[in-house]
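Asker: The lines below spell out each chain.
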Amino acid sequence: MAERVDTPEQAEFREHCRRWLSENRPAPPTFRLPLSAIEVMTEDQRRYLCDWQNKCHAAGLVGTDYPKEYGGHGYKGFQSIASQEMGRAGVPYMVNVIGLGMAAPTILVHGTEEQKRRYLPPLLSADEIWCQGFSEPGAGSDLANVQAPAVRDGDNWVINGHKVWTSLAHFASWMIMLVRTSTADKYGGLSYFIVPIRGAKGVTVRPLIKITGETGFNEVLFEDVVVPDSLRLDEVGKGWTVAMTTLTYERGAAEGAGSGGGVSLDERVRSLVRLAKATRRGGGKTAWDDAVLRDKIMKLAIRSEGLRQSARRARVPGLIEDPMRLPLQQKLLTSELMQDLAAVALEIEGAAASLYVGDDRAPDGGQWPLAYLNSYGFTIAAGSNEIQRNILGERVLGLAKSK
Amino acid sequence: MAQPKDFGFGADEQMVRDQARRFLKDNLPVDRLRTLVARDHHEAYESDVQPVYQDEKLWASAVELGWTGLGVPVQAGGAGMGLVAVAALAEEAGRAALPSPLVSTLCATEVLKAAGAAAALERIAGGQAASLAISGQAASQEFADTEVEASDRGSAVVLSGTSYFVQDARKAAFFVVVARAGKDLVLAAVDADAPGVSIDPDRIVDLTRDQASVVFANVEVAASAVLARGAAAEQALAKSFPALLTIVAADLCGASEWLLQTTAEYARTRKQFDRPIGFFQAVKHPIVNMMVDIDRARSLVYAAACAIDSEPEGGERLARMAKAAASDAAAFVAGRAIQLHGGIGFTWECDVHIWVKRAQHNQFLYGDGTCQRARLAEMFEA
Chain A
1 MAERVDTPEQ AEFREHCRRW LSENRPAPPT FRLPLSAIEV MTEDQRRYLC
51 DWQNKCHAAG LVGTDYPKEY GGHGYKGFQS IASQEMGRAG VPYMVNVIGL
101 GMAAPTILVH GTEEQKRRYL PPLLSADEIW CQGFSEPGAG SDLANVQAPA
151 VRDGDNWVIN GHKVWTSLAH FASWMIMLVR TSTADKYGGL SYFIVPIRGA
201 KGVTVRPLIK ITGETGFNEV LFEDVVVPDS LRLDEVGKGW TVAMTTLTYE
251 RGAAEGAGSG GGVSLDERVR SLVRLAKATR RGGGKTAWDD AVLRDKIMKL
301 AIRSEGLRQS ARRARVPGLI EDPMRLPLQQ KLLTSELMQD LAAVALEIEG
351 AAASLYVGDD RAPDGGQWPL AYLNSYGFTI AAGSNEIQRN ILGERVLGLA
401 KSK
Chain B
404 MAQPKDFGFG ADEQMVRDQA RRFLKDNLPV DRLRTLVARD HHEAYESDVQ
454 PVYQDEKLWA SAVELGWTGL GVPVQAGGAG MGLVAVAALA EEAGRAALPS
504 PLVSTLCATE VLKAAGAAAA LERIAGGQAA SLAISGQAAS QEFADTEVEA
554 SDRGSAVVLS GTSYFVQDAR KAAFFVVVAR AGKDLVLAAV DADAPGVSID
604 PDRIVDLTRD QASVVFANVE VAASAVLARG AAAEQALAKS FPALLTIVAA
654 DLCGASEWLL QTTAEYARTR KQFDRPIGFF QAVKHPIVNM MVDIDRARSL
704 VYAAACAIDS EPEGGERLAR MAKAAASDAA AFVAGRAIQL HGGIGFTWEC
754 DVHIWVKRAQ HNQFLYGDGT CQRARLAEMF EA
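Sequence lines, in order, name chains A and B. Quick note: the first sequence uses the working numbering, first residue 1, plus one each step. Quick note: the second sequence uses the working numbering, first residue 404, plus one each step.
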């Protein structure tokens, strides 16, 4: 698609992004990079990706709209241009994905001046990796049921408890953590902290094994972890409000401190077309010759283009009825599209869909069976898609709350 | 040429849309529409000839408001607005289930523009309704499948044969006809009351329009009314077809949104088991799925309209996506709207069926989702 109309300043910045990306594209790694940041496991992968984010940050493609005093670049409304150009260039994704997408905007909204100056610069440059401690064994879709207690002790808080599904905790310096400071009130008893992870006394990070056989996320156990009150975000008892800020960004309903890179949805659709054309069926035909499969692939192409055009429409006030109607669909639709893309890829491969990563004969290196299994991470995480549908029905259409 | 970020939906387009929405809300409220098109099921479905439901006063106001001339170039007496504005108007026509030849006329206008047919465009700007007579009985997307033959008689052309699935045929002042002369396509403007033209009405499901086969029995068309021939006719049709898809898709989006809002309202107020039924996720989640499907289609409609206005080479791809998404969305939305209204939704007295039928009609007009995707796949061949 051709370029949309930018203001002269936007056009100049876009040109800067393009030039910089074409001149600084990193050499491909000698090892496999997973499809997304939350699957990063090895030290090699981490170092490669942290170096890349660091360079992007220095070039102004990350933290673009963040104030200079917090390590940003002080632009207004340019982050989406940088993210678009990174996506278009097909460069690697940003590894500090929880930091950029969730911790940074939450700290920017709710943090003190000291907190912003201390935590944002190394977050943007990927010198410190962040993880998120929301879910617990007993608090999934019912997030406000978080139990991990934080008990005040002078100028400190003592934290215990058990967080699960914690992506990137194995590399993380810090966690944004939802804790319980009172049992008297379900929502009003929650508070929000920045909690040290790496090397912190009483913190244990244990890998969880996904259905893919990979690690990549963790459970984190807290045993009398002492955290100074200066690490609290916003007021005691305001944890739910702060968490809602985080979730707004996590679900893609607002622009964080940087994203982009990785494999775009459009590119995934095109790779399905290529896969279908390359997959031989009997009688000299390919999978692409199958009208049913072509139809399925085109349905995916339409959903992918629809997502892109809805993101565009979300910024045109005359063409939206409710400001949250499109943004709240983002996570739901993206995760289901990725899942269905992988499922159709398996259908194209047929019997070869049985071949996994590591088998020489696996089409596309076995990435599709892996992507299919991993796709459930996205339809479940950040509020399962069942919860997303509740939120859309209740907040946008005013249907009675399901709880 | 670059595409504007806001789809080219600026202050003028918004004014057209808001004015149309307000006008239709005031002048065609649901009870008025019901009285007009659904007052009697015997009359609608059992008359020898299905009646034409048209509010002449409403149509005169629509013409006066400039709706028919919206996309007609200024030189031909129209407002000269782009397809984004036309799509916005069609969306409002769908939302109100407007029984009028407006959408047919908007579609015909696009073909006439592509053919550079100034005189015919002036007639539309002057308030005449027009309709496309472009389909054979198979309603394929190959214009060469037309079942109207054209032969030369001096400088004039004589048309013989039948056009099928002509929209709002009994409300149109003239038809834009595709005929075949040997291997060549001919595009001609033919008055509905020209000697030799007869209209054979279909009995259709939709209550908000009429449809007919139009029979041409040695109809003589003056040279001045032959709009294009051969490659020029093919180009005009190929160029304008994406616009037709976009306009019908916009109508589908408007109708679907009405069904969504009406169903959501019912789910907010109808109580069972002591709760509004929208409390139950078996009701709530399908309603959300309706919304999500509509939003995808609507975004694609404006993307297609904008592309056709500003860089037409990308228009067909987006227009086929828009029509596929809008057709599938409408089919799902219409089905859920009936189902979630429960027993009352199955009755004639519940207004839902009026929109359901309009949506179902438009779902198949100019090709449904499966048909669009087959064409789209050809574009991915390269």
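Wrong hints could be hidden among the right ones.
Think about it this way: if two alpha-carbon atoms lie no more than 20 Å apart in a straight line, the pair counts; the simulated DMTMM-like pairs of lysine to aspartate or glutamate are [unchecked claim]: (1) B:K408 / A:D153; (2) A:K76 / B:D771; (3) A:K277 / B:E781; (4) A:K201 / A:D153; (5) B:K428 / A:E321; (6) A:K299 / B:D409; (7) A:K186 / A:D266; (8) A:K296 / B:D409.
If you want the ones that stay clear, here's a sample from chain B, every Cβ over 12 Å from chain A, calculated [said to hold, decoys possible]: (9) P454; (10) Q540; (11) V561; (12) A626.
Because the hints were derived from the structure by calculation, they are not lab data. For glycine and all other residues, C-beta sits at the position ideal for the given N, C-alpha and C.
Asker: For every hint, state whether the structure bears it out.
Answerer: Structure-based check of all given hints:
The straight-line distance between the Cα atoms of K408 of chain B and D153 of chain A is roughly 54 Å, outside the 20 Å bound, and the hint therefore fails. Using a Cα cut-off of 20 Å, the hinted pair K76 of chain A and D771 of chain B is violated, with the two alpha carbons roughly 43 Å apart. Taken as a hint, the K277 of chain A and E781 of chain B pair is honoured in the structure, with Cα atoms around 13 Å apart against an allowance of 20 Å. Distance hint between K201 of chain A and D153 of chain A is fulfilled; the C-alpha atoms sit about 16 Å from each other, no more than 20 Å.
Distance check on the hinted pair: K428 of chain B and E321 of chain A sit about 17 Å apart at the alpha-carbon level, within 20 Å; holds. The suggested pairing of K299 of chain A with D409 of chain B is violated, with an alpha-carbon distance near 25 Å, which exceeds 20 Å. The straight-line distance between the Cα atoms of K186 of chain A and D266 of chain A is roughly 42 Å, outside the 20 Å bound, and the hint therefore fails. Straight-line distance between C-alpha atoms of K296 of chain A and D409 of chain B comes to about 30 Å, which puts the hinted pair past the 20 Å bound.
The Cβ of P454 of chain B lies farther than 12 Å from every Cβ of chain A, with a closest approach of about 35 Å, so its non-interface assignment holds. With 12 Å as the threshold on Cβ separation, the claim that Q540 of chain B sits away from chain A holds: the shortest Cβ distance comes to roughly 23 Å. No Cβ of chain A approaches the Cβ of V561 of chain B within 12 Å, the least distance being about 41 Å, so the stated non-interface status holds. No Cβ of chain A comes within 12 Å of the Cβ of A626 of chain B; the nearest lies about 40 Å off, and the non-interface call holds.
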